[in-house]
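**Q** Each protein sequence line maps, in turn, to chains A and B. When the letters of the first sequence are read in order and numbered with my numbering, they come out as residues 5 to 355. When the letters of the second sequence are read in order and numbered with my numbering, they come out as residues 5 to 355.
Don't read these hints as lab results, they were simulated from the structure. Please note: incorrect hints may appear among the correct ones.
One copy or two, either will do: identical chains are not told apart, so a pair holds if it fits within one copy or between any two.
[Claimed, not checked] Think about it this way: if two alpha-carbon atoms lie no more than 27 Å apart in a straight line, the pair counts; the simulated BS3-like pairs of lysine-lysine are:
1) 221 - 109
2) 245 - 221
3) 265 - 318
4) 141 - 22
5) 313 - 143
6) 313 - 70
7) 318 - 109
8) 265 - 288
9) 288 - 221
There are 2 protein chains.
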Amino acid sequence: MNFEPLQNTRIIDAALGKEVDKIPVWIMRQAGRYLPEFRELRSKYDFFTMCQTPKLACEVTLMPIKRFELDAAIIFSDILVIPKALGMQIELVSGRGMVFPSPLKSPADIDTLQPINVKEKLSYVFEAITLTRHSLKGKVPLLGFSGAPWTLMCFMVEGESSSTKSKAKSWLYKYPEESKRLLDLLSDIIIEYIVGQIEAGAQMIQLFETLAEYLNKSMFDVYCLSYIRKINASVRELLKKRGIPEVPMVIFAKGAHFALKELSESGYEVVSIDWTVSPEEARKVMNPNVTLQGNLDPCALYAAPESLKQVTEKMVSTFGKKRYIANLGHGIYPDMDPDNVEVFIDAVHSF
Amino acid sequence: MNFEPLQNTRIIDAALGKEVDKIPVWIMRQAGRYLPEFRELRSKYDFFTMCQTPKLACEVTLMPIKRFELDAAIIFSDILVIPKALGMQIELVSGRGMVFPSPLKSPADIDTLQPINVKEKLSYVFEAITLTRHSLKGKVPLLGFSGAPWTLMCFMVEGESSSTKSKAKSWLYKYPEESKRLLDLLSDIIIEYIVGQIEAGAQMIQLFETLAEYLNKSMFDVYCLSYIRKINASVRELLKKRGIPEVPMVIFAKGAHFALKELSESGYEVVSIDWTVSPEEARKVMNPNVTLQGNLDPCALYAAPESLKQVTEKMVSTFGKKRYIANLGHGIYPDMDPDNVEVFIDAVHSF
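If we strip away everything but chain A, and leave its shape as in the complex, we get (with noise of 0.2 Å):
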């Protein structure tokens, strides 16, 4: 492919537990509605436009990473690019968020999901890596992310926002083994799915578990973790084969503060954590051969910037340097002032 050497390798070093001289950082969802010039170009397309149309998705991607100093981009594309390549209908409804008119019902509508060719159907994708890859030509390394099964086996029965999830996790409670072969088709989308952003070009990929939250440890060992494991397993076995040069891989399950410890020995380079667990509680749980990600609480952001400062550096320095990449414990909230964020970056690196 021809891509231009990284000139930024902290990420990636971070990650692989090697020294840096700064402490890298980005953001979740970095590229997003807290931008003005996001929100203009959003005016003109349909979110999922923005999502299949390579040069427009990496016209966002590079968005943030013409304002600010971050040490990474994230492809702006969506967890429920998978559902949607299943043939499941998905609106952005104002107000309302992402909303499936018609979601999984029963456990007889999982056949009513097309097989699908990953290579084809999410080729928008894996184009706009490649041409996002060229286009930072080296300034910093490229990530790519894939939803989890349970999370989004849970927007593809719940359909919409729910403050419970109950009807997602009834479905593990009522029909387990029906849960399972859902969780299972989606993991051999998802292996495919990353191994192909990485044979695209992605230099390091996150797995969000983001409603791992609603889960108990018992449930998320049996419904998050063990496919977590698998799909880690899985695509480093499949990049073996195919002759692809592995690279880092980020885990996120928000709110799994039952698991810190099972998710820092469960393969990944990196566990990314959510703001309600305390950065020492972290370094003393989990394996020390793992780098931390996170966890600045989001609305901190809100804060005037001497005490954003403030808590941004008090965090820094209660993670160190070592094996360590600073983040928000979640993604960046649409109102939040594109100056605080610098602020953030700034105290960040002077650490």
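Position chain B relative to chain A; hints supplied.
**A** Below, chain B without anything else, positioned relative to chain A:
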């Protein structure tokens, strides 16, 4: 008041660390929409009319007691009676839940809250408690409850459901002093409100800090825990001063997995925990001189009876019979089958 003597003392005994013949059990939101008899009454009256009419609140409180072998009744009311008493308008909107048409938009709005005499303004709750306590004829104890300051503040600032609580949380970051002023104001009312409930006949009190889960440990310490401690100490002081006997106090800070030890040392006899904390972990880190309450995943009630029985038995056997009150890890959902509630209660009692 000449209340009849209490026949079933299991919950009070468990709260105080005494031996019990059977593990006591009650269910958060046990007098609620999952009961057809509740839905029938609700079809005739507005939600707050039901709360504000002692005869109706009493009728609803007794519904689950007539149907199930529960070890406690909990007065039918809502945590939002306090913001309502402060002059805030609240509407229950179908599909949107509780909505405040005029939430607190900035700290200046704190001054629009009407100063109140709790004894007068919330007299309907006290009357409902006295009436229900008489109607129970000592069958089981009657619990009272209140929302905790941060949880109430969150509703008052957000105005309606929010997946991030970012408006209310932004106050903590942007206006720390004004937030404390509001939390202090609410604490003073909560203290009087709890004392009033005990004076009216409540035999145990639960304080709900339901929205603790949105905070990190350092914010929780400042904006929740200090008020939780203060409320407990002040209630006991005021009871003493007025010559009213103390009752056991329960704290439920949902999602506060990072503060289990601190909560168990905050002066409450009982700490209620959500389902994301395993019984083993809770027993390990918490003060052994408090009673634990909880913590079945509410969704476990969707399971088939045999499977529900198994998870319940596993939970109670891990908590053990000593210093334990069985409950769900949060309120029961409106679509739950009452038959499964019976399976749960029986599984606890037959342990």
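**Q** Pop the pair residue 245 and residue 221 into one bin, within, between, both or neither, using alpha-carbon distances up to 27 Å.
**A** So residue 245 and residue 221 fail the 27 Å test inside a copy (34 Å) and across (45 Å) alike.
**Q** Have a look at residue 313 and residue 143 and pick one of within, between, both or neither, based on CA distance no larger than 27 Å.
**A** Classified as within: same-chain Cα gap 26 Å, cross-chain 58 Å, threshold 27 Å.
**Q** Between the shortest in-copy and the shortest cross-copy C-alpha distance, which are at most 27 Å for residue 265 and residue 288: within, between, both, or neither?
**A** This pair counts as both: shortest intra-copy Cα distance 9 Å, inter-copy 17 Å.
**Q** Indicate which option fits the pair residue 288, residue 221 if close means a Cα-Cα distance not exceeding 27 Å: within, between, both or neither.
**A** both (19 Å within a copy, 16 Å between copies)
**Q** Under a CA distance limit of 27 Å, which applies to residue 141 and residue 22: within one copy, between copies, both, or neither?
**A** The answer is within: 23 Å in one copy meets 27 Å, while 70 Å across copies does not.
**Q** When no copy is named, should residue 318 and residue 109 be tagged within, between, both, or neither for a Cα gap of at most 27 Å?
**A** neither (46 Å within a copy, 30 Å between copies)
**Q** Is it within a copy, between copies, both, or neither that the alpha carbon of residue 265 lies no farther than 27 Å from that of residue 318?
**A** both (23 Å within a copy, 23 Å between copies)
**Q** As a check of your reading, is residue 313 near residue 70 (CA-CA no more than 27 Å) within one copy, between copies, both or neither?
**A** This pair counts as within: shortest intra-copy Cα distance 22 Å, inter-copy 57 Å.
**Q** State whether the alpha carbon distance between residue 221 and residue 109 is at most 27 Å within one copy, between copies, both, or neither.
**A** For residue 221 and residue 109, only the intra-copy Cα distance (26 Å) is at most 27 Å; the inter-copy one is 38 Å.
Going down the numbered hints, you'll see the structure goes against 2 and 7, while the others check out.
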